[in-house]
Amino acid sequence: MSTEIQNYISDFDQLKNDDWFAESRQSALNIFKETGFPNSRLENWKYTDVRPIKKKSFSNVTEATVSISIEEINAIRFDGLDCIEVVFINGVFSKEHTRLDGLEKGLDVENMLDALANDKDLLAKHLTKYADDKISPFTALNTAFIQNGTLINVSANTVIEKPIHILYLSKDSNSALATHPRNLIVMGENSEATVIESYIGLDDANYFTNAVTEVALSTSAILKHYKIQQESLNAYHIGNLNVMQGKNSKLESHSISLGGALVRNDIHGQLAAEGAEIIMNGLYMTGDKQHVDNHTRVDHLKPLTLSTENYRGVLNGKSRAVFNGKVIVHKDAQKIEAHQNNANLLLSDDAEIDTKPELEIYADDVKCTHGATVGQLDQNMLFYLRSRAIDEETARSLLTYAFADELISNISFAPIRNRLERLVIGQLPDAALIREFTNE
Amino acid sequence: MLNIQNLHAKIGNKEILKGLNLSVNAGEVHAIMGPNGSGKSTLANVLAGRNGYDVTKGTVEYEGNNLLELAPEERAWAGVFLAFQYPVEIPGVNNVYLLKAAVNAVRKYRGEPELDAVEFLGLIKEKMKIVKMKEDLLNRSVNEGFSGGEKKRNEIFQMSVLEPKLAILDETDSGLDIDALKIVSEGVNSLRNEERSIILVTHYQRLLDYIKPDHVHVLSNGKIIKSGGPDLALELEEKGYDWIKEEAA
Ligand SMILES: Nc1ncnc2c1ncn2[C@@H]1O[C@H](COP(=O)(O)OP(=O)(O)OP(=O)(O)O)[C@@H](O)[C@H]1O
Ligand SMILES: [Mg+2]
Numbered sequence: 003m004s005t006e007i008q009n010y011i012s013d014f015d016q017l018k019n020d021d022w023f024a025e026s027r028q029s030a031l032n033i034f035k036e037t038g039f040p041n042s043r044l045e046n047w048k049y050t051d052v053r054p055i056k057k058k059s060f061s062n063v064t065e066a067t068v069s070i071s072i073e074e075i076n077a078i079r080f081d082g083l084d085c086i087e088v089v090f091i092n093g094v095f096s097k098e099h100t101r102l103d104g105l106e107k108g109l110d111v112e113n114m115l116d117a118l119a120n121d122k123d124l125l126a127k128h129l130t131k132y133a134d135d136k137i138s139p140f141t142a143l144n145t146a147f148i149q150n151g152t153l154i155n156v157s158a159n160t161v162i163e164k165p166i167h168i169l170y171l172s173k174d175s176n177s178a179l180a181t182h183p184r185n186l187i188v189m190g191e192n193s194e195a196t197v198i199e200s201y202i203g204l205d206d207a208n209y210f211t212n213a214v215t216e217v218a219l220s221t222s223a224i225l226k227h228y229k230i231q232q233e234s235l236n237a238y239h240i241g242n243l244n245v246m247q248g249k250n251s252k253l254e255s256h257s258i259s260l261g262g263a264l265v266r267n268d269i270h271g272q273l274a275a276e277g278a279e280i281i282m283n284g285l286y287m288t289g290d291k292q293h294v295d296n297h298t299r300v301d302h303l304k305p306l307t308l309s310t311e312n313y314r315g316v317l318n319g320k321s322r323a324v325f326n327g328k329v330i331v332h333k334d335a336q337k338i339e340a341h342q343n344n345a346n347l348l349l350s351d352d353a354e355i356d357t358k359p360e361l362e363i364y365a366d367d368v369k370c371t372h373g374a375t376v377g378q379l380d381q382n383m384l385f386y387l388r389s390r391a392i393d394e395e396t397a398r399s400l401l402t403y404a405f406a407d408e409l410i411s412n413i414s415f416a417p418i419r420n421r422l423e424r425l426v427i428g429q430l431p432d433a434a435l436i437r438e439f440t441n442e
Numbered sequence: 012m013l014n015i016q017n018l019h020a021k022i023g024n025k026e027i028l029k030g031l032n033l034s035v036n037a038g039e040v041h042a043i044m045g046p047n048g049s050g051k052s053t054l055a056n057v058l059a060g061r062n063g064y065d066v067t068k069g070t071v072e073y074e075g076n077n078l079l080e081l082a083p084e085e086r087a088w089a090g091v092f093l094a095f096q097y098p099v100e101i102p103g104v105n106n107v108y109l110l111k112a113a114v115n116a117v118r119k120y121r122g123e124p125e126l127d128a129v130e131f132l133g134l135i136k137e138k139m140k141i142v143k144m145k146e147d148l149l150n151r152s153v154n155e156g157f158s159g160g161e162k163k164r165n166e167i168f169q170m171s172v173l174e175p176k177l178a179i180l181d182e183t184d185s186g187l188d189i190d191a192l193k194i195v196s197e198g199v200n201s202l203r204n205e206e207r208s209i210i211l212v213t214h215y216q217r218l219l220d221y222i223k224p225d226h227v228h229v230l231s232n233g234k235i236i237k238s239g240g241p242d243l244a245l246e247l248e249e250k251g252y253d254w255i256k257e258e259a260a
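Sequence lines, in order, name chains A and B.
Mapping the first sequence onto my numbering, position 111 (from 1) lands on 113, and the numbers just tick up by one.
Mapping the second sequence onto my numbering, position 105 (from 1) lands on 116, and the numbers just tick up by one.
All the pointers check out, no bait thrown in.
Covered stretches of chain B, as calculated for chain A (at least 3 residues, CB under 8 Å): (1) 47-61; (2) 78-87; (3) 93-103.
Bear in mind the hints are in silico, worked out from the structure with no lab data behind them.
It should be emphasised that the depicted structure is a prediction, and the values quoted were computed from it without experimental measurement.
We treat Cβ as the ideally placed atom computed from N, Cα and C, and that holds for glycine.
Chain A extracted, bound-state conformation (with noise of 0.2 Å):
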C-alpha cells in the first residue's frame, strides 16, 4: 500500500462507521486501498494526471468549522429564482442556509446523512447501485466516505417545478480539505425535475472536491441536470456522474466548467430501455494552468435509443483541456441514434487540446455521427467587426462569446440561462465591454 492514501485510510479509521451502511463503505475503502489513485497509464487517465492530487495530504474529517453570510449566499443565489435550495460549506450540510420549506407534494429533499437514518430500504436500493467503485477509483473513495450529500426522491407522476439547487460551497479553513459529497435522485414514473448543482470556491483556497451523483429514472422521467463547477482555481475537482435510464426517460444533461486548477468530469448514462434519451451539452473555458478533463460514456444497451452530446471549449494561457466522448452500442440495441460534437477554440498558442470521440458499435442497423474541430478565432469574422468600428479586443471577446453561447443558448429555461450567460461573460478579457454589448 502506497503512503499517499494513508491519511485517507486514517481519516476513514476516524470516522463513525456503525450504521447499516459501515459495510459498504469498508469494502469501497477496500477497492480504493488496492487501486490507490489512477496513473497515466491508464487510457481513461492518459491526458490527466492527478499526482497534484496524490501528493497533498488532505484531511477528510468535515467539521462545521467556517461559517458563510447570508450576503455571501445571496451574491450566489439565482435572482428573482424561487429554487429549493441545498447548502452544504467545506462539505457539511448547512442547516442554517438550507431552504427546504413547504416542500411539494411528492417531493422529498434531505442531506444524506439524514437519508442514511431514515430511508434505509429507498438508498439500499438505489445508493452505489449506478455508480461503480470499480470503474473508478474516486468514485470508491467517495463511496468510503459517503456522510453528507443529497437525496432527491421525486414521486411517480410528480412533476416539481422549483427548480432544486444544491450548493457545494468551500472557503478556507485550518487545514485543506477533501469532501465527499455523494447525491442521489430518484425520479418515479412519469415525474419531472430540474436539479442544479453548484460546485462554488468562495476564495482561492487549496482543496479537493470529489463528488459523486447517481440518477435514476424511472419510466417517462425527465430530469434536468445542470452542473456548475466554479472552484477556486487552486481546488481539485473530480466529479461523477452516472445514470441509469428507464424506458422513454430523458436525461438533459448541461456542465459548465470554469474553475479549478485540475478537474476532471466524468459522465457516464446508461439507456438501459427503449425510448430512453440523454442529452450532453458541455462548456469549458479555461485559462492559465487549468487542467480541465471532460469524459462521457453512453451505454445504448436497448434498441430505439437517442444520444445527442455537444460539448465546446475555449482555451487560453497554458491551459489544457481533455475531451472523450465514449459511445458503445450494445448487441441488438438496433435503430439507436448517438450524436457527437466537440468544438473548441484556442485563444493562445501555449493552450492544448486532446479530443477524441470513441465507438464501439456492436449492431448494425444504428445512426451514429460525430465530429471534432479545434481552431482559432475566424480572421474574416474579425476583420468584418473591426471595419465596423469595433476594436480588436472587444472583437476578438464578442467572437469567443459567441462561440460560447451557442451552447448557452440552448438551454431553455431563462433564469439558468441567464446567469450561465452572465458567467461566461464574466470570464472574458473584456467583460464589461460584452456585457455592454449584449445588453438590452
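Put chain B with the ligands on the given structure of chain A with help from the hints.
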C-alpha cells in the same frame, strides 16, 4: 480626401497591385471597373486594412494622414466604410447590437455623446425605411442565413446608419434583383453630398444609370489603365476591356 500613389501590394509572394494611382476628392463618386482578378477587391481590402496584404511601395493618404498605419477599426472611426463583396456571416453576434456598438464607437471617436437605446432605435427606424430593410433581419445574427441580396442590402443599411466619409462599395450591385438594385442605389444617392466620397466597384454599367459617377476608372492587372467620365462605362459595356488593354500595352 483620398490620394493613392504608386501603390504596390502583395499577398504572399504574389504581387497584385502594381503601381496604382487614384485621387478622390470630397463629394465625388468614382466607379472602378475591370476584369475579374484584376485587383479591385484587393484595393478595397487594403484601404479598409485587412491583414495579409503586404504594401511594398507607395502611399495612401486619407484626409491628409497616412491611412496605411491605422488599424481597421481606426479607419472606421475616421469614416472609412467598406461594403464587402462577400459579407461575412457571424453566428451569435446580433445585427442590431453590432450596429449600436459601431455607431457609438464612431461617435465616441468624434467626441459626440453616445446614443441611448431610444435615440438609436429612432435612427435605425429612419434608415430602415431608406433601404426598405426587413425588420426581422435586424434582430438576427449578422448576415447569418441571409440571402445574397439581403446581405448586400444589409451592407448598405449599415452604411447609411454609420454615415461614413469615404464609402467603398465592392460589387454591391452583384446579386441584386432589379427592384433591390433601385432601392440600394437610392440609399447610396441619399448619402451623396459634397463632403462624402464614394468608390463604386462594379462590373455593370446598369448601376451607373442609377448612381451617376463623376469619374470612371479601369483597373487591369493591378493598375488603373484608363480613366474617364460616365461615357467610359458605356463604351466598356459595348466593347469590353481588350481595346483598353491593347491601348495601354
Ligand atoms: N488570399 C489570396 N491568396 C492568393 N491570391 C489571392 C488571394 N486573394 C486574392 N488573390 C488573387 O489576387 C488577384 C486579385 O483578386 P481580387 O479579389 O482583388 O480581384 P477582383 O478584381 O476583385 O476580381 P472580381 O472582379 O472577380 O471580384 C486574383 O488573381 C486572386 O486570385
Ligand atoms: Mg472582387
